[in-house]
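Q: As given, the protein sequences belong to chains A and B, one line each in that order. Take 258 as the starting number for the first sequence in this note's numbering and just add one per residue. Take 72 as the starting number for the second sequence in this note's numbering and just add one per residue.
One should not assume that every hint holds.
[Stated by the list, open to error] Taking lysine to aspartate or glutamate and the EDC-like style, the derived pairs with C-alpha atoms no more than 20 Å apart in a straight line are: (1) A:475 with A:464; (2) B:191 with B:231; (3) A:468 with B:296; (4) B:142 with B:160; (5) B:279 with B:291; (6) B:116 with A:464; (7) A:468 with B:230; (8) B:142 with B:223; (9) B:142 with A:394; (10) A:475 with A:394; (11) B:279 with B:296; (12) A:468 with B:223; (13) B:116 with B:231.
Calculated from the structure, these hints are not laboratory results.
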Amino acid sequence: MKQHASWWYGGVIILLLVTIVIALMAGTVWLGPRQLSIALSDPGSQAFVTVFSLRVPRILSSLVCGGSLAVAGALFQAVFRNPIADPSILGISSAADFFKLGGAMLLPWLPGRAWVMALLGGFIALVILTSGRALADPYRLIIVGVALDATFVGLQRLLSSGATQVSHSTFNGLTWADATTLLILGVIGLVAALLVAPWANYLKLTDAALKNVGVPVKVIRWSLLLLGMYLATSVTAVVGAIPFVGIVVPNVARRLVGHDYQSVIPFSMLAGAWLMLAADTLGRTVIVPSEISAATMMAVIGGPFVIILLQRGRGRHGLSTR
Amino acid sequence: MDCQHVSYQYPHQNTGITDVTGTFPPGQVTTIIGPNGAGKSTLLKLLAHQLVAASGQITLAGKSVDQYTAKAFAQQVAMVTQHHQLYDDMTVSEVVQTGRLPYHGLLQAISPNEVVPFLKVTGLTQLAATHVQDLSGGQQQRVWLAAALAQEPTVLLLDEPTTYLDVHYQQDLMRQLRQLAATGITVIQVLHDINQAFRFSDWLWLIKQGRLIAQGQPEDLRQADLLADAFQTPIEIVDVPRLGPYIVQIPEA
């Protein structure tokens, strides 16, 4: 762990707590500290309803989604040995979105439909992505990924032009049921990610070197890929595809806490949760009573970040794009 | 470790290993020499079980290498390859810790304390927290050697370990390998420099076109016509004062 890592951990936790308080207060109706304390203590008040049925599930959802997406990105970057690999840029999330929409039209009776279909879509995209030579060549990987993403986005548009249900990728209108689903799916995935974090470190070595020390490379590679896919598609299933969180957060994490995944993953979890909550809170307050979706907010923040990341080139802490 | 009629052919190529039978004396330094493309590295990969022999058998401690699990094999045989690559930042200690993987479950944590003796024996103790990318070629080579030693192998394989080292480090490494052999490790290496091979080895394998054409102690193999035949170039052995016999490849006019 880097020397100042513990400071950064402390910093992100404080930031997270402050942002949660602001997110509880901010919205169409602003609640000051006093009103907030009333809301938290008096279940009969109007403020209580606003906070607990609208804001709390939304805050919980964005925290879990941000953490999940950031960790999914970190896992993909470890497996593909590429600092801009991420389920959203490689078409996994849009495939999940497309299948979710297809499922809603064709299999409305299926239990747990959105999640099952999103997972299936993500898996199919993952198989397409890894079946060719893309695994060995970082540039081919990104190009294949971008093509996959464009294809599934196109297919989704094709499908949705005749349908009433279009995914918006927003936390607006999320219910407690959605929040609970996200919480259960997310926590399982995030705990698993913390357990297998050392595997992400092992993949810094070549496959040949790993075989020499008796490590089953395929097992750890696919475990990490499936876990990342699961985390990203779980978010897509409930909220929709949200870009760039998985690229921005782990890359910042590496600069702040070093390149050890046992540090990158927990830090990404916290920083991703914060970023998503901050983006969503900003999105729903800047143009009250209307709002900007989380996906749009992230595209506006994340796009320029990736451009800067790649244009500024190599450097150790910038993580080379080999 | 020894080979019984081992053959291996690369698909769609004429190169490979043909009917190699020979032994690697335990606790000694064996060097495989021969011209480029003779199959030295292929042989080393077969010994490391990175390639599987098409016919014949490689045995380790009386058991065919095919009968070992990946993990059990990694507890016996370690390999230092010619090309090292890291896809991301790692410290010296972190790299050496990966050498302990054969002794751990995949989800078990590896303590940095486990690698302290291997850092010490390779002179890396002071550099434990340094990033590998920041080291010189010679220091990096020591990191990979330390990682291989962390496997506590009985057989240590090295593919041209002196390639990126200057003369001084080359000799240091050769001496270190002899010391390791003296502790009971069977060292098997491929070397490009014939004189280094003759000077620092206990046993030599001479390979030509995928076949083992001679094996023995350096003094037995130091024959101009044998080496000239293997390397397909005129060879003379001259006496250098304070050094002894020195093999010179005479360039053809």
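Q: With reference to the structure, classify each hint as holding or not holding.
A: Going through the hints against the structure:
no.	hint	verdict
1	A:475 with A:464	holds (9 Å)
2	B:191 with B:231	violated (23 Å)
3	A:468 with B:296	violated (41 Å)
4	B:142 with B:160	violated (26 Å)
5	B:279 with B:291	holds (17 Å)
6	B:116 with A:464	holds (14 Å)
7	A:468 with B:230	holds (16 Å)
8	B:142 with B:223	holds (13 Å)
9	B:142 with A:394	violated (29 Å)
10	A:475 with A:394	holds (17 Å)
11	B:279 with B:296	holds (14 Å)
12	A:468 with B:223	holds (16 Å)
13	B:116 with B:231	holds (13 Å)
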